[in-house]
Each structure stands twice: as C-alpha cells, then as structure tokens.
Amino acid sequence: MKILVPVKRVVDANIKVRVKADGTGVETQNVKMSMNPFCEIAVEEALRLKEAGKATEIIAVSCGPVQCQETIRTALAMGADRGVLVETDVPLEPLAIAKLLKAVAEKEQPGLILLGKQAIDNDCNQTGQMLSALLGWGQATFVSKLAVEADHVEATREVDGGLEVVKARLPAVVTVDLRLNEPRYASLPNIMKAKKKPIEIFKPEALGVDVTPRVIVLKVVEPAKRNAGVKVPDVATLVAKLRTEAKVI
Amino acid sequence: MALDADTRRAMLERVERFIREDVAPEAAAIDRADAFPRALFAKAADLGLFALGVPEAYGGLGRDIETPILLSERIARASAAFSLSFNNTTDAAVPILDAAQESIKRRYLPAIAKGAAIPCIAISEPQGGSDVASIRTVAVRKGDRYVIDGRKMWCTNAPVGDVFTVFAKTDQAGGHKGLSAFVVPAGTPGLVVGPAEPLIGLRGSPVAEVVFDGVEVPADHMLGAEGDGFRLAMLTLDESRLHCAATALGVATAALDLALGYARERVQFGQPIIRHQAIQSLLARRASELAAARALWREALARLLADHDRPASAYAGMAKLVCSELCMAITVDAVQVFGASGLSRNGTVERLMRDAKAFEIYDGTSQIQAAMIGKHLERHGLPFV
Ligand SMILES: Cc1cc2nc3c(=O)[nH]c(=O)nc-3n(C[C@H](O)[C@H](O)[C@H](O)COP(=O)(O)OP(=O)(O)OC[C@H]3O[C@@H](n4cnc5c(N)ncnc54)[C@H](O)[C@@H]3O)c2cc1C
Numbered sequence: 269m270k271i272l273v274p275v276k277r278v279v280d281a282n283i284k285v286r287v288k289a290d291g292t293g294v295e296t297q298n299v300k301m302s303m304n305p306f307c308e309i310a311v312e313e314a315l316r317l318k319e320a321g322k323a324t325e326i327i328a329v330s331c332g333p334v335q336c337q338e339t340i341r342t343a344l345a346m347g348a349d350r351g352v353l354v355e356t357d358v359p360l361e362p363l364a365i366a367k368l369l370k371a372v373a374e375k376e377q378p379g380l381i382l383l384g385k386q387a388i389d390n391d392c393n394q395t396g397q398m399l400s401a402l403l404g405w406g407q408a409t410f411v412s413k414l415a416v417e418a419d420h421v422e423a424t425r426e427v428d429g430g431l432e433v434v435k436a437r438l439p440a441v442v443t444v445d446l447r448l449n450e451p452r453y454a455s456l457p458n459i460m461k462a463k464k465k466p467i468e469i470f471k472p473e474a475l476g477v478d479v480t481p482r483v484i485v486l487k488v489v490e491p492a493k494r495n496a497g498v499k500v501p502d503v504a505t506l507v508a509k510l511r512t513e514a515k516v517i
Numbered sequence: 004m005a006l007d008a009d010t011r012r013a014m015l016e017r018v019e020r021f022i023r024e025d026v027a028p029e030a031a032a033i034d035r036a037d038a039f040p041r042a043l044f045a046k047a048a049d050l051g052l053f054a055l056g057v058p059e060a061y062g063g064l065g066r067d068i069e070t071p072i073l074l075s076e077r078i079a080r081a082s083a084a085f086s087l088s089f090n091n092t093t094d095a096a097v098p099i100l101d102a103a104q105e106s107i108k109r110r111y112l113p114a115i116a117k118g119a120a121i122p123c124i125a126i127s128e129p130q131g132g133s134d135v136a137s138i139r140t141v142a143v144r145k146g147d148r149y150v151i152d153g154r155k156m157w158c159t160n161a162p163v164g165d166v167f168t169v170f171a172k173t174d175q176a177g178g179h180k181g182l183s184a185f186v187v188p189a190g191t192p193g194l195v196v197g198p199a200e201p202l203i204g205l206r207g208s209p210v211a212e213v214v215f216d217g218v219e220v221p222a223d224h225m226l227g228a229e230g231d232g233f234r235l236a237m238l239t240l241d242e243s244r245l246h247c248a249a250t251a252l253g254v255a256t257a258a259l260d261l262a263l264g265y266a267r268e269r270v271q272f273g274q275p276i277i278r279h280q281a282i283q284s285l286l287a288r289r290a291s292e293l294a295a296a297r298a299l300w301r302e303a304l305a306r307l308l309a310d311h312d313r314p315a316s317a318y319a320g321m322a323k324l325v326c327s328e329l330c331m332a333i334t335v336d337a338v339q340v341f342g343a344s345g346l347s348r349n350g351t352v353e354r355l356m357r358d359a360k361a362f363e364i365y366d367g368t369s370q371i372q373a374a375m376i377g378k379h380l381e382r383h384g385l386p387f388v
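Each protein sequence line maps, in turn, to chains Z and X.
Numbering-wise (this note's numbering), the first sequence opens with residue 269 and increments by one.
Numbering-wise (this note's numbering), the second sequence opens with residue 4 and increments by one.
A hint or two may mislead.
[Unchecked claim] Below, simulated BS3-like cross-link-like pairs (lysine-lysine); rule was C-alpha separation at most 25 Å, straight line:
1) Z:Lys464 with Z:Lys300
2) Z:Lys515 with Z:Lys375
3) X:Lys360 with Z:Lys461
4) Z:Lys463 with X:Lys180
5) Z:Lys461 with Z:Lys322
6) Z:Lys288 with Z:Lys300
7) X:Lys117 with Z:Lys464
8) Z:Lys300 with Z:Lys465
9) Z:Lys463 with X:Lys46
10) Z:Lys487 with Z:Lys300
11) X:Lys117 with Z:Lys465
12) Z:Lys465 with Z:Lys284
13) Z:Lys375 with Z:Lys270
14) X:Lys46 with Z:Lys318
15) Z:Lys461 with X:Lys145
16) Z:Lys288 with Z:Lys464
17) Z:Lys270 with Z:Lys322
18) Z:Lys509 with Z:Lys318
19) Z:Lys487 with Z:Lys318
20) Z:Lys509 with Z:Lys493
Calculated from the structure, these hints are not laboratory results.
All of these numbers come straight from a predicted model, not from anything done at the bench.
Full structure from sequences and hints, please.
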C-alpha cells in the first residue's frame, strides 16, 4: 500500500508573525519557514506504518511555490521515499489544495492519505474533509490513535465529550491530531541522503485543476494590544477592583 | 561529497532545533553538575553531528571543515561547555585523518563519526604548556612498538575519552623537530586518567591529567613519521583556533543579547536603562565590535578553506585572539548591565562570564597568539591582500 502525505510549508512555529505593512497578509519574506507541525505528525505516522510492514511507499506531496521543495525534502529526510510538488505561485485555498491532492491521488492510487488536521498558519481545518468528499472516500479526522488493517482503518478521534472510535474502509483520508505520535527528527546523514531522492514537479494546469482563489481577503490586522496587568497586594484589593473597576462581580 | 548550500542550510536548521530543544534547556544543569552530559552527547551522535568532519569512506558525511565551525558558534550560544565537547571531538580527529595509516583510520574514524568513540588530544604537560617544544613525555622505539612515558595535563574529554592522540618526544635533543604523535586507545595498560579538574568555567566539559606509564603501542599507531608531531599539532591548531573563536563568538553573542534584552526592559530613573547614554553607548560599541569580530572570524574561515597557507594561519590566530578577548569583555559588561542579578547563580550571564575566560587560555593563550602573529608580521609583513 502506498501512503500519500500532503505537507504544508508554513511560517515556523517559533517565529513571531508580523502583519505586512499593506495589510494584505502576514510577512513571509525572509521569515523562517518549516513544515506544519501537524504534517510532521502525519509523516511520522506514515513512516511507522511502513516500518511495521503496513505500507510499501511513502510519497510526500506539497502544493505551492518552488520553495515547498524544502518542505518535501524535510519529509524525505525523515524517511519518505519520494516527493511530488504541485508548483504554483497562486495563493491556494483549502478547496484548491483538495482538488490538486485529488488529482495527485488519482495518479498515485494510494491506499491511505494522511494529513495534518489543520495548518498552523490559517487554522482552516478543511483540506482533509474536502479531499475525502471529492474522492468519495471515507474519512477519519482529529485522529489520536490509528490502527491500519487489511481493508480498513480503526481510528480514535478526540472529540469534545471524550474519545470516539470510528472505522473507515480503505482507501481513506485520515487527518491527525497532536497526540498521535512524537515526530522524529531527521538526522544529518538522512538530510544528506534526501538530496538524492526524486521530486516530481507538476503545474496545476497539467493536473487539470483551476486554482483561482474564490475568497478575497479584505484586510489583515494585528490583534489589539493588551495593556500590561497590575499586581495587587492582597485578595481584598483584587475583589474590590473586580467589583468597582472591572465590574464583573 | 561537498555540501551544497541548500543541504547545509537544512542541516543547520536541524541542528538549530536540536540546540533549542535539547542543548539550551540543559545548559544550566550541565554547568551546575560539572558532569559530562552523556545523554546529550548520545543525542548529538544520533543526529550525526560527529560525522560532519569525517570522510564518507570512514563512515562520515564528508570532510567538511566549515559546517562544524559554524555549528560551534551556534551551540555555544546555548552552552559553551557542550560546544567544546562537540568541537574538541571534531578537532581531535584531525591528526588521525591527516596522518594515520589506513588500518588505524579504519579502526577509529568510523567509531568517532558515530559518536561511539570520543577522541582527545594530549599535548600540554605540567612543565610544557605554551612551550610545546619543551614537553618531556618520551616515546622510545622497542622493536615494532613504542613505549610512552610522561604526564599530560588539561586534556579535554580525557575522563570520557576513548582514543588519545598523544604528542611525545622521539628525539629528546631535537626540539620541536623531535616531536611525534601516537594514537593510544583508552584501556591500554599504563594509561591512567586522573579525576576531572574542577574549573570555574566550561564546567561539564571535563579536563584531566593523563599519565603514561610505560604505555606500549604498535609502531603503526604513530601518526606520520617520527618528527611529524609539531606539524600535526600546528595543523590541528589552525582549525581548533577557529572553533575556539566560534565558541567565544557564540558566548559573546548570547551575553550581548541577554544584556540588550534586559536593558530594554529594566527601568531606572523613569526609563529603560538602554536610554541612559552610558548603557546605550556600551551596548552600541560592543555590538559594533562583535560585528567586526564576526567578520574577522568569517574571513579567517574563508582563508582556511580557500588556501591553508601562512596568512591563513595568521588569520586564525588573529580571529582567536580578538574573539576570545572580546568575549571576555562583553560577558563582563553583560554582568554589569544586569547589576546584582548579573551576579546571581540563578541567572545566566554569570555562567557566560565564567566560561569566557578559558577562550583566552586554551588552544594557545592570548600572549602566545600575539607572539605568533607578531612573528608572522616580522617575517612576512601584514597578511592582507
Ligand atoms: C578548558 C581547557 C581545555 C584544554 N584542553 C586541552 C587539551 O585538550 N589538550 C591539551 O593538550 N591541552 C589542553 N589545554 C591546555 C592549554 O592548551 C594550555 O593551558 C595552554 O596552552 C597554556 O599552557 P599553560 O596553562 O601551561 O600556561 P603557561 O604556558 O605556563 O603560561 C602561563 C602564562 O604565561 C604566558 N606565557 C607563556 N609563555 C609566554 C611567552 N613566550 N610570551 C608571553 N607570555 C607567555 C601565558 O600566556 C600565560 O599567561 C586546555 C586548557 C583549558 C583551560
């Protein structure tokens, strides 16, 4: 079974993002970019499945500008076998990405598509669900435990009330949550080896997908600044302030 | 295989993460315990850090001088002691790489590249520190073996060392031309490592005395020929001085960054202390000097990589001299900027100040660097193009 793992290039989680001066988005020029942490978890899970003999090949796919190759290389350094880049400079919305991934899935015929449940840049949490609908495959989202059997997956999902266990027939789309695993780091020798692994590049047109944005961003602004708090000497003062200043009690 | 820019960047980013997530959180504890961080070293080994300096034929990633030097600076921003643990391992492989017989390279280099064997260099002695030519350890040929007798001091990583490269006289009358180098594995009868010396700085990077009492090694454990020792020591020194400069720059950068952060936050007389001219000027000057020192270090590195010639050696010495002395000055200033909290053992800058002093001493003291640079100037003029 092949596993397809879509990986997204996002602003590194340790960077403090800044809004662009013209308010059209956040600054990504000269900012450190990394693989979306949820995608790392998806890659890790795919690697573990391969190590357990449940998968034969892992293909990392990314959609976006040419620099996304670096993100694919990270997946290759972790242990994925080869990469696919759908290259475009058009800003991609979840639906466009889902359509591109559908086209790649039709080419590659994976038994399982493992994605992060969301990307830390726009927190959309849509791509996996849309992809499953477009493909007509079953889906399991927010998965914190995954068992892959011959013809189905059994997935434990984190939901508000607790844990829910669902079965989905293969092929399936699974989106992963934080607690599924702890992703490995690529070692330096593996970073070196990743250089030699192949990355295939397609344009959206070649896949027959129209990626024109459907949503217009009007304005991106910084969150309102919070004023520094005050220290109070004792509980009595706190209660008094809550009553008279904050007027919450 | 030479590293392309993208792969090197990917590696540096990967190591940055290791530094942030694994080294930095341990740094204070390493200093406090003054114990070699075995677990962290093992993690670094798994990551492949020690494979960087070793050719692929011996299980490494290719002989890469630049990446380890760049990494020394990065690691030192978090922990100078761990940076030295790392770069001493890289440096100590140099004489083996350069001059060991093929069978010896095959025996030791793959283990060094894996981080499974820690190499050390034993040159300094109780009577011979700066004056390397005056060392008293002797190696006497006995059939197809050499017998080594003497005492070495301040040997980095000796308490955890697996392979010692020891410098000894094979010709006692020959001055520095009488020096030869030998590889001696730990556990060889007669080789005794003393307890780690308690130092005020670089705690956790253990240094110790090593006694050679009738230690016998096969003659094939000699590096190069008799009399090659001094050349090998100097060759190793050029690289290790740039590691030392890198480590000093890392510590200086960390100290200045902490001082700057504090100066922007700490309010006295109604404004952040960075607005008080004395502090502002101090930080501005130190930042400028640090920028200059970084540029010098980079040029020294570029020269070493381009053409390991005499001016390159002079540059290595200048970089070591300038970076180590600036590091000392900046860490002292950083403590000053922090006031009393700068002296607190619960803070960080006091550790940086204690660590800094060693850079002016090991790999040749500042006085010795100046003497070597001075000699170069006298004989060859300024090393500038
Ligand atoms: C942290 C640390 C790690 C070390 N690791 C190693 C190691 O792995 N292997 C190893 O072999 N050694 C190691 N050393 C030893 C180091 O190389 C020596 O300490 C150094 O070479 C100086 O020798 P010394 O301490 O004997 O000082 P000395 O040579 O006795 O010098 C004492 C003072 O006299 C000055 N001086 C000496 N000669 C002259 C001169 N001609 N002109 C002007 N001034 C002079 C020196 O600058 C110094 O200020 C380490 C030292 C330290 C602190």
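Review point. Does the structure break any of the earlier hints, and which numbers would those be?
Key: Those not satisfied are hints 2, 3, 4, 12, 15, 16, 18, 19.
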